[in-house]
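Trainee: Listed below, chain by chain, are the residues.
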Amino acid sequence: MTRMTIEQAIHQALAEEMRRDERVFLMGEGVATKRRDLMQDFGAARVRNTPLAEAIIAGTAVGAAASGLRPVVDLLFAPFLTYAMDALVNSAGKLRYLSGGQFDFPLVALSMTGSGWCVGAQHNHNLEAMFVHAPGLKVVMPSTAADFKGLLKAAIRDDNPVLFFTDLALLHQEGEVPDGADHLVPLGQAVVRRVGADVTLVSYAKTVGVCLQAAEQLQAQGIAAEVIDLRTLKPLDETTVLRSLRKTGRLVVVTEASGLCGMAAELAALAVTRAFDALRAPVVRLTGPDAPGASSWVLEQAALPTAEAVVEAVQGMLGDAVVVREALATT
Amino acid sequence: MTRMTIEQAIHQALAEEMRRDERVFLMGEGVATKRRDLMQDFGAARVRNTPLAEAIIAGTAVGAAASGLRPVVDLLFAPFLTYAMDALVNSAGKLRYLSGGQFDFPLVALSMTGSGWCVGAQHNHNLEAMFVHAPGLKVVMPSTAADFKGLLKAAIRDDNPVLFFTDLALLHQEGEVPDGADHLVPLGQAVVRRVGADVTLVSYAKTVGVCLQAAEQLQAQGIAAEVIDLRTLKPLDETTVLRSLRKTGRLVVVTEASGLCGMAAELAALAVTRAFDALRAPVVRLTGPDAPGASSWVLEQAALPTAEAVVEAVQGMLGDAVVVREALATT
Amino acid sequence: MSAVGMTDTLCRLEAMLLIRAYEETLVEFQRGGAPGTCTSVGQEACAVGVVGALESRDRILTNHRSAAHLIARGADPGRLMAEVLGRVDGYCGGRSGSLHISAKELGVVLTSTIVGGELSMAPGVALAQKMGQGEPGGITTVFFGDGAACEGIFHESLNLAVQWQLPLLFVCENNDWQAFVHRRETMPDNAIADWAAGHGLPVATVDGNDVEAVHAAALEAVAAIRADGRPRFLELVTYRLRGHFEPDDQAYVDADELARWQARDPLQSQADRLLAQGALDADEFAQLREQAAARIEAAMVFAQASAWPDPRTLTHHVYAEQGAHS
Amino acid sequence: MSAVGMTDTLCRLEAMLLIRAYEETLVEFQRGGAPGTCTSVGQEACAVGVVGALESRDRILTNHRSAAHLIARGADPGRLMAEVLGRVDGYCGGRSGSLHISAKELGVVLTSTIVGGELSMAPGVALAQKMGQGEPGGITTVFFGDGAACEGIFHESLNLAVQWQLPLLFVCENNDWQAFVHRRETMPDNAIADWAAGHGLPVATVDGNDVEAVHAAALEAVAAIRADGRPRFLELVTYRLRGHFEPDDQAYVDADELARWQARDPLQSQADRLLAQGALDADEFAQLREQAAARIEAAMVFAQASAWPDPRTLTHHVYAEQGAHS
Ligand SMILES: Cc1ncc(C[n+]2csc(CCOP(=O)(O)OP(=O)(O)O)c2C)c(N)n1
Ligand SMILES: Cc1ncc(C[n+]2csc(CCOP(=O)(O)OP(=O)(O)O)c2C)c(N)n1
Ligand SMILES: [Mg+2]
Ligand SMILES: [Mg+2]
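Chains as they are written, first to last, in the working numbering: chain A, 1 to 331; chain B, 1 to 331; chain C, 1 to 326; chain D, 1 to 326.
No false leads were slipped in.
With a cut-off of at most 16 Å between alpha-carbon atoms, the simulated EDC-like pairs for lysine to aspartate or glutamate come out as follows:
| hint | chain 1 | residue 1 | chain 2 | residue 2 |
| --- | --- | --- | --- | --- |
| 1 | C | K104 | A | D104 |
| 2 | B | K34 | B | E7 |
| 3 | D | K130 | B | E22 |
| 4 | C | K104 | C | D89 |
| 5 | A | K34 | D | D249 |
| 6 | D | K104 | D | E55 |
| 7 | D | K104 | D | D89 |
| 8 | C | K130 | A | E22 |
| 9 | C | K104 | C | E55 |
| 10 | B | K34 | C | E185 |
| 11 | B | K34 | C | D248 |
| 12 | B | K34 | C | D249 |
| 13 | C | K130 | C | D228 |
| 14 | A | K247 | A | D198 |
| 15 | C | K104 | C | E135 |
| 16 | D | K104 | D | E135 |
| 17 | B | K247 | B | D198 |
| 18 | A | K34 | D | E185 |
| 19 | D | K104 | B | D104 |
| 20 | C | K104 | C | D76 |
| 21 | D | K104 | D | D76 |
| 22 | D | K130 | D | D228 |
| 23 | A | K247 | A | D277 |
| 24 | A | K34 | D | D248 |
Computed footprint of chain D on chain C; a stretch qualifies when at least three of its residues, placed anywhere within it, have a C-beta under 8 Å from a C-beta of chain D:
| hint | stretch |
| --- | --- |
| 25 | 151-160 |
| 26 | 180-191 |
| 27 | 195-202 |
Treat the hints as calculated values from the structure; they're not laboratory data. Beta carbons are placed, not taken as given, at the ideal position from N, Cα and C, and that holds for glycine.
Please take these sequences and the hints and turn them into a complete structure.
Mentor: Right, here's the structure in full:
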């Protein structure tokens, strides 16, 4: 194990995969400036600064991926993906299928998002759900250094197009990362970050920390919260979520993204369609509002789900459960 | 009342609103060719063929809307919206908020989608949920001629950007439309198309017909299905849905769009977060698959939710309920 | 007459006849209600002239109006028709239909019906060639329309190809129409060549209805690209003789303009040239037509006999490693 | 020295000094950890020269690097700073922060920090003017960078403006940088003017560090647009003297290149010119600087005293008719 920041974990993953497979290459606005050492190690052909044009960056990645290369493109901030939507949604996501499986699209599109930097909604927009909704794409959004490294490596090796989202606020967070170039985290596997039997808290990216904090506070009140970090949003690890729900019967989904047609909706739907009998209380969605991200620090903070809100939601749930149990006992 | 096709209803709505308000104008690839009579009536300045460039069509609409005009843009097929995402999501949806409310964006973006034409996934992609997820936008997707007319007129009068989706298969369907230029259907109001107490079927656009067909078949089996046509996807008429759920306790959501982070997820989430106590059975999502639309007729058909599938789902639900009821009775 | 011993000019006439027969047969068939197609009737010389200048190691990207490019490249009309009809023997197993047919085995890759989609992916295909994928020395050709030149991706694609020195041939078939809008409503008159020239790459504007002129220009451009690895641009001036998508009554088309271009039908022009040269006589011409018709008739029989895809395969090919993702 | 009786050239120097003082004060302040800004240090002549050629009926669109445009247009530095700090007295109530500040009352509309966003909306603003919205005769000016010229929307925006004859002035501040990438890595050398010229509208390339040259070119372009209602294009050749976004150590910047441009600082050039003409003496220059510093100091006091937005207003202004949508 080595302690490193998430930024370093990402960089290591890129370096290792480029070393391992010469078909892997990196392009984007400033990648050769930002990752100068990779440019020096692997050459200017494999670490390419691009013109400022997301549509052609993404499109070029799609064309290259279908032609034997394994591009990783850095598209910077998530809202800039709106310029790359045709390439990602209509080409990368659909042309495998429409061609009857003639082409693979092993590409990774990196982008950043998340509150905490007062940059406003044109840099901070958690729109990962749009890509979950689109067919043919995989979507990853990790929370720890080890997962960033292992999932990015797995994404690069995956033969499908993968959207890889980084919550900005995590970049400088440190964590232990297994040594060696073999550390992979398979796409599609959630992880139980904390075991508990009373309630399931499901999240991904930065808000996993919020759930863990909440679980700590709940523990002090004798409530055992299970915390699931999805890590991959698509394919979704339904098994891990359902297993937990069958145990706890209670679900709180916590996302920074808006709830409407977001991952919180998807998880709630999963619960009520596939674990209904196990549910003992209404599912709670604690999400960002249906509003663009404001720049002002106080508004930005007000938009975030907090550990306190999670605790309150759980208390509400369990309170109800107690009431119901008592009511039943007296009939 | 006058009987007309949905195509005619749309055309009338455009004509009436252009007559009523000279700030309303129409642009898009071929609108002046397709709606030649409007061009003749209102002049070439107000009915504009554009270059083949969705991004600038949408962007121009955004700029014009904030500057006192009320543009209606025809962006043709929904997948082409991927070229217009920056204008719609980052500008129209966010700049009101980011500017502290300085600007209104009274614009309507028309687009078509839906199976039945063997055109494949680059013309047929029900991606309305992406815009429901994005803040600051309204989303409309009607099913009847009267609603098409009334909602389009209301959308044109709305001071917010509205995405107005037309299911291709409905275009030539006929219906009764109230006479007069005052026929408006307010955004944000669902309608109960059929009253029933046993199960709630929620849908929008073409699949409302599937639900009505299913309800008919269920009726024959003594099961009374309530059918709700959402009409507006955002703002969502939660009240109407919840009222029905509190009565029936059972929900089947039927959409042609994929379920993952789609409207079906949103409805299921609404049920389990806000009507949990009323729910008597798992919610069922009957949706299109997580797959691009295929061109081949048989595959296209196989992807659609059918009335038979709805009937089966409802029977499954009620069957369980009966079993449970019986079990309770014997304890 | 057999292909053996046929001159190249005659082969090009034959290819154009095959394309025309294919498209007209489909149009006829579609009157029965089958899904329509975007035909390239009137533009056959563009496809035949350019594709004939390419080698098997080269890659081609095309769009919604692809039949001519595919047939010129040697696609089996039967498998094309099967694809249009949504049958399993189609090049894409029926999933594409007419609008996004690609045939990897022929080097026709990544067809997109999103106008400009081909332009967005083409630099990546050429980049892969430049970076050593595929057979050495291969280049990429991307076909697109005058409408696609209005999309922003046109600008981005040209700039990247120039900046990264990609072995990419841009071929704009300027057919004066963008679905139901005439080109004159969308851009200044010489816009396409001017826009391309602004990017600083060599641009040639050629009569797209003269298959020999197109072929010569394409040979020159391809040789230049192979020599220095840099992109080239061809504007082929042509005209869409039929509607945008079948059926289309062309009510919006100026009859005089259409008539002028009908008089310049590329098949007839090539035939006239050969007849005048004595390289072809009227009987031989009739025979070539009949051969083409016969091949297409057989193709239609094949396509109609082809099975429908099994609905249980609906979600196959969405993701690589089928099964990993359910 | 008072503004009354000041010559226009002197006013332009004063405006540039105010902009410089504003940005340097903010940079200093940001060292304390406040959110950074994209400064236009070195590019002040572009903003002052162009904005000074506009009238109040005209509209301006800008982008992430907007402070100079706003201040040149008469924005209150206090309200700008309040916006940067996320306070209620900011032009956008703190919702924008530095990156998308618009001020409708000044005609600075629809600022987007999506590179190219301004180019996508500008034709619509100009179209509204052409169709009778706002005061008669108004035109629209859109400021954007050399990086934005690489985006496809640049091409679409120019084409629409030309085709629809919109009263729109395109102003490209070519500052050689696109965040952390030098322009030379992204386009051929004279690309911006060449690309624009390909669209067939009049293009002028001007020394963007000479405020008088910029002003003269802008006056000419604005007059021409008002006369015939058609678009014009100005390329202003300048340089970004500071980093992309504060803080930025500029480690990636060539020191010689930077030094060359520092020697051409537009403020110093204008001051030198006025000093040489005898229109300004050293004391007056010092006094102008002090006045600017004092105004900005007061602005900072105002901004810091401004309240934070009420968190309960979080979802206000998302939709028109607040309350209709919850
Ligand atoms: C992004 C996008 N916009 C619109 C369409 C609808 N459409 C299909 S073909 C076409 C015209 C294309 O014109 P051009 O590029 O000149 O090609 P042509 O059809 O003339 O061969 C249009 C508008 C589309 N498929 N994709
Ligand atoms: C679509 C998009 N891509 C990338 C960025 C990140 N970014 C912000 S400013 C900038 C550089 C812009 O260069 P230019 O247009 O020349 O303007 P300048 O910053 O030089 O004023 C970049 C890459 C962005 N904001 N939007
Ligand atoms: Mg065309
Ligand atoms: Mg720049």
